[in-house]
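Asker: Line order of the protein sequences matches chains A and B. Going by the numbering used here, the first residue of the first sequence is number 23, and it counts up by one from there. Going by the numbering used here, the first residue of the second sequence is number 1040, and it counts up by one from there.
Check before you lean on any hint, since a few could be wrong.
[Claimed, not checked] Lysine-lysine pairs mimicking BS3-like chemistry, simulated, CA-CA at most 25 Å apart:
id	chain 1	residue 1	chain 2	residue 2
1	B	K1051	A	K345
2	A	K41	A	K250
3	A	K103	B	K1063
4	A	K345	A	K177
5	A	K410	B	K1070
[As the list claims (entries may be wrong)] Cβ pair distances, simulated, as ranges:
id	chain 1	residue 1	chain 2	residue 2	range
6	A	K38	B	K1096	53 to 63 Å
7	A	K303	B	K1051	55 to 65 Å
8	B	Y1095	A	K41	55 to 65 Å
9	B	K1070	A	V365	43 to 53 Å
10	B	T1072	A	F148	50 to 60 Å
11	A	L168	B	W1080	38 to 48 Å
Bear in mind the hints are in silico, worked out from the structure with no lab data behind them. The beta-carbon is built from N, C-alpha and C at its ideal position, and this holds for glycine as well.
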Amino acid sequence: MNALSKTFYQYRRLSKIIKLFLIIAGPGIIVMVADNDAGGITTYAATGSKYGYDLIWFLVLLGPIAYFVQEMTVRLGAVTKRGHAEAIFDAFGSFWGWFSFFDLGLTNQLTLITEFIGMTSALSIFGIPPLLTVIIVILLMGAMVLQGKYWTWEKIAIVFCLVNLIYIPAAFMVHPDVNQVLRNGMIPHFPAGSTGELFFFLMANVGTTIAPWMIFFQQSSVVDKGMKEKDIPWAQFDTIVGAFFTVLVAIFCVIVTATVLRGVDIQSAAQAATMLMPINKYVGTFLAIGLFDAGFLGAICISLATSWAIGEVFGWAHSLNLKVREAPWFYAYYFLSLLIAGVVVLIPNAPLVLITLFVQVIATTLLPATMVFLILLLNNEELMGSYKNNRVQNIINFSIVIGLIILSTAYSLSALFPNLFK
Amino acid sequence: MDENERDYNQSKGLLESIREINAKYRHPRIKMTRLVNISLWALRIYLIAMLLILFYKFATLVIH
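Using the sequences and the hints, build the whole thing.
Answerer: So, in structure tokens, the structure goes:
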């Protein structure tokens, strides 16, 4: 009887923990999975086809890096109850505030265009014209936010996060040699070949791991969800789960192209999906669906990150819990940003390659600033109290921030001057 | 921020809002420790260097 009551107690306790996690889970998983956006999937597909399984270990390392950076936004949001844009204005004054605000707005708008490029090219594989894709996407994203509840939006977004796992069955369908994957992929080493090119690929993978919009998005999302200090451990666990999934998706995406398209020069994930169609129709289809989903997830997070930032700075209502008439500017900018991105993609002969290059460079100028502000805010005792960074967190976070700044700057320079590291 | 303040902010003109934001955040609230000062200076130098590189790139693009 005693054993039975103990088991029942354990069961009740576990189900309570799971229920609590499901309530709090969201921002961390969404931001991390959305990190594998259209640009990210292209980078992984190209990495797999170029270096096979050889760089999988490097992707594993990027998980903890993403976690440590994003975890800081959780604490900052839960303690200050402010989004990142507002926190920068308040702590560093209007000069740095406006700088971050305009850089974020520009970077996000351009990145949003690249997400639309990914979505339209993914659905064009199925014969769906770009105009129809743009209309479907805007309607779908509109319906997600107009229902008037943050919680509902978050749960719908998590469903799209689950679709991102489509790369896992796709990888099993191409029958990779598991021994080879483990031997080549899990033992840290650098593959032979041009070091300049390898460096470029490493930088590109790092560049897709942390983007400025992720920091703004997760902090605003934590605030909009109404998280408090007591929720921080759960939100940190949510971010760990997200980091695990983002690395998992990246690894399986690399396995697909490394197994089937090894040695092929891949310029975009849509090209990889098209090339896979004659080899294995289902894998090609899965890759195209995954690319659309990646672009969609990126787009919902990026457009919201900017709308939240605008609302925070101008003092306008900015919450998914509010109706359109209560937060008109928040929703107006949300739809405007989608519309601009959709229209640019539809313009014949639009300089889409130039836009992609520009995104890399502009995002790089914002990333160091965002990370420096983040780490300084997390060291401010007046603001953070007992939640400020401790010594160990500072050693880890400063190392990550300095490393990311060096690598992302090098990536940006190599995007501007392609022969620099060759 | 209460509802009245939010409604007031939403009905204001853009320029008026910007003026108010500049006035509200004129002085940084963060304590200017040595770490903060060094970080902000390093950031300024970094951004100026990146801007110069960008200008150089576009100038060479225009010339060629």
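Asker: Taking the hints in turn, state whether each one holds.
Answerer: Each hint tested on the structure:
| no. | hint | in the structure |
| --- | --- | --- |
| 1 | K1051(B) - K345(A) | holds (20 Å) |
| 2 | K41(A) - K250(A) | holds (18 Å) |
| 3 | K103(A) - K1063(B) | holds (18 Å) |
| 4 | K345(A) - K177(A) | holds (18 Å) |
| 5 | K410(A) - K1070(B) | holds (14 Å) |
| 6 | K38(A) - K1096(B): 53 to 63 Å | holds (57 Å) |
| 7 | K303(A) - K1051(B): 55 to 65 Å | holds (57 Å) |
| 8 | Y1095(B) - K41(A): 55 to 65 Å | holds (57 Å) |
| 9 | K1070(B) - V365(A): 43 to 53 Å | holds (46 Å) |
| 10 | T1072(B) - F148(A): 50 to 60 Å | holds (56 Å) |
| 11 | L168(A) - W1080(B): 38 to 48 Å | holds (45 Å) |
Hint check: no violations occur; every hint is consistent with the structure.
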